[in-house]
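Asks: Produce the entire structure from the sequences given, and follow the hints as far as they go.
One letter stands for each residue in the lines below.
Protein chains: 2
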Amino acid sequence: MTRSPIDFYFDFSSPYGYLGSHRIEALARKHGREVVWRPFLLGVVFKDTGSQPLVEYPIKGEYALRDFKRSARLYGIEFVMPETFPVSALAGARAFYWLADRDAGKAKALARALFAAVFRSGHDIGKGERVVEVAAELGVDPEELRAALADPAVKQRLRDEVGAAIERGVFGSPFFFADGEPFWGADRLDHVDRWLETGGW
Amino acid sequence: MTRSPIDFYFDFSSPYGYLGSHRIEALARKHGREVVWRPFLLGVVFKDTGSQPLVEYPIKGEYALRDFKRSARLYGIEFVMPETFPVSALAGARAFYWLADRDAGKAKALARALFAAVFRSGHDIGKGERVVEVAAELGVDPEELRAALADPAVKQRLRDEVGAAIERGVFGSPFFFADGEPFWGADRLDHVDRWLETGGW
Numbered sequence: 010m011t012r013s014p015i016d017f018y019f020d021f022s023s024p025y026g027y028l029g030s031h032r033i034e035a036l037a038r039k040h041g042r043e044v045v046w047r048p049f050l051l052g053v054v055f056k057d058t059g060s061q062p063l064v065e066y067p068i069k070g071e072y073a074l075r076d077f078k079r080s081a082r083l084y085g086i087e088f089v090m091p092e093t094f095p096v097s098a099l100a101g102a103r104a105f106y107w108l109a110d111r112d113a114g115k116a117k118a119l120a121r122a123l124f125a126a127v128f129r130s131g132h133d134i135g136k137g138e139r140v141v142e143v144a145a146e147l148g149v150d151p152e153e154l155r156a157a158l159a160d161p162a163v164k165q166r167l168r169d170e171v172g173a174a175i176e177r178g179v180f181g182s183p184f185f186f187a188d189g190e191p192f193w194g195a196d197r198l199d200h201v202d203r204w205l206e207t208g209g210w
Numbered sequence: 010m011t012r013s014p015i016d017f018y019f020d021f022s023s024p025y026g027y028l029g030s031h032r033i034e035a036l037a038r039k040h041g042r043e044v045v046w047r048p049f050l051l052g053v054v055f056k057d058t059g060s061q062p063l064v065e066y067p068i069k070g071e072y073a074l075r076d077f078k079r080s081a082r083l084y085g086i087e088f089v090m091p092e093t094f095p096v097s098a099l100a101g102a103r104a105f106y107w108l109a110d111r112d113a114g115k116a117k118a119l120a121r122a123l124f125a126a127v128f129r130s131g132h133d134i135g136k137g138e139r140v141v142e143v144a145a146e147l148g149v150d151p152e153e154l155r156a157a158l159a160d161p162a163v164k165q166r167l168r169d170e171v172g173a174a175i176e177r178g179v180f181g182s183p184f185f186f187a188d189g190e191p192f193w194g195a196d197r198l199d200h201v202d203r204w205l206e207t208g209g210w
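Protein sequences, first through last, are from chains A and B. Here the first sequence is numbered in this note's numbering, starting from 10 and rising by one per residue. Here the second sequence is numbered in this note's numbering, starting from 10 and rising by one per residue.
Derived from the structure by calculation, the hints contain no laboratory data. Incorrect hints may have been included.
Identical chains blur together in the list; that is why a pair holds if it fits in one copy or across any two.
Here are the computed lysine to aspartate or glutamate pairs in the EDC-like style, where the Cα-Cα straight-line distance is at most 16 Å [stated by the list, open to error]: (1) 78 - 92; (2) 69 - 190; (3) 69 - 152; (4) 56 - 142.
Replies: What follows is the structure, given as structure tokens:
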């Protein structure tokens, strides 16, 4: 029997999404699961839930910055807070789905490289050209990707993915589904682990 | 050398505060620490941070209900969601500090009993008379407590505590300080544990 994959929803501009991206594959492997990476746009979801980026709340935002760094150190993950923040995940997410339809493995590599560009190098991937550069290092043809980023079908593909995420109840980043059970937050990965181990409780 | 106590800030109407209250004392004991319980009023803090109770956010609120129950089951803690929610923590918090000045141990017992009244029995402790009943079961004189709840000095005592909490950067429930380091959320208790074990990282 094939066991169902873990769905991993995230926004490229989400520090906790970045931290989750470093832990989810090992966790899945432990349970013989695959991970389906699903970038979405937190900004669209925030409109529906009346939320805003954590760092933009007074007081809470300062704590969040401290917790991002402290959590990264705890898990031994390199982390810098980019000067431009939040960054738009639009171009990165479009590039991801366009590439995923051609080469799922390479799309995952692109997602990791985009996260690293933001939270290790502090780059602003909101600029489409930066996404093209990051993808080029993975052997993606710049001209093809530039054309894809402007392609209405590619834009629609992302809109559909974001719509499907909202439909499913995703409202934060990272967000996981394990055997249909929703888990919000990098700090719920221990619960995901336990859920897969026990079959739920 | 006496090691400094853990400060435990919470609102009596906070499900995660309730869950945290079941785990913090054992954690502190493990590290030879005391816990100072510090009820405050989340509603006052929400005004400063532009937040609202988790359950009142669309979509996120439904997930929160599921996560309260799932987290409680994981830790083996009895939990019901009260019909009246959120409840006002005002009378409970006033009673707590009034009692704490007389008998710190009994104040902690009252805090536990008030949490149980809300999240095990589903009672509305927003009504001062309900707080008086809960306290009476611990041997607190009802007349004395009724008088205290109406006493301007007792009201001021709570205002001072809430002000001090805000001053310290507390913006959610539960909120902990371990050796001066702030931790927000019942799901940060594993980090608190590690922090006390390692002296920080």
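Asks: Each hint: holds or not?
Replies: Tested hints:
| no. | hint | in the structure |
| --- | --- | --- |
| 1 | 78 - 92 | within (15 Å within a copy, 39 Å between copies) |
| 2 | 69 - 190 | between (28 Å within a copy, 15 Å between copies) |
| 3 | 69 - 152 | neither (42 Å within a copy, 40 Å between copies) |
| 4 | 56 - 142 | neither (31 Å within a copy, 44 Å between copies) |
Comparing the model with each numbered hint stated earlier shows that hints 3, 4 do not hold.
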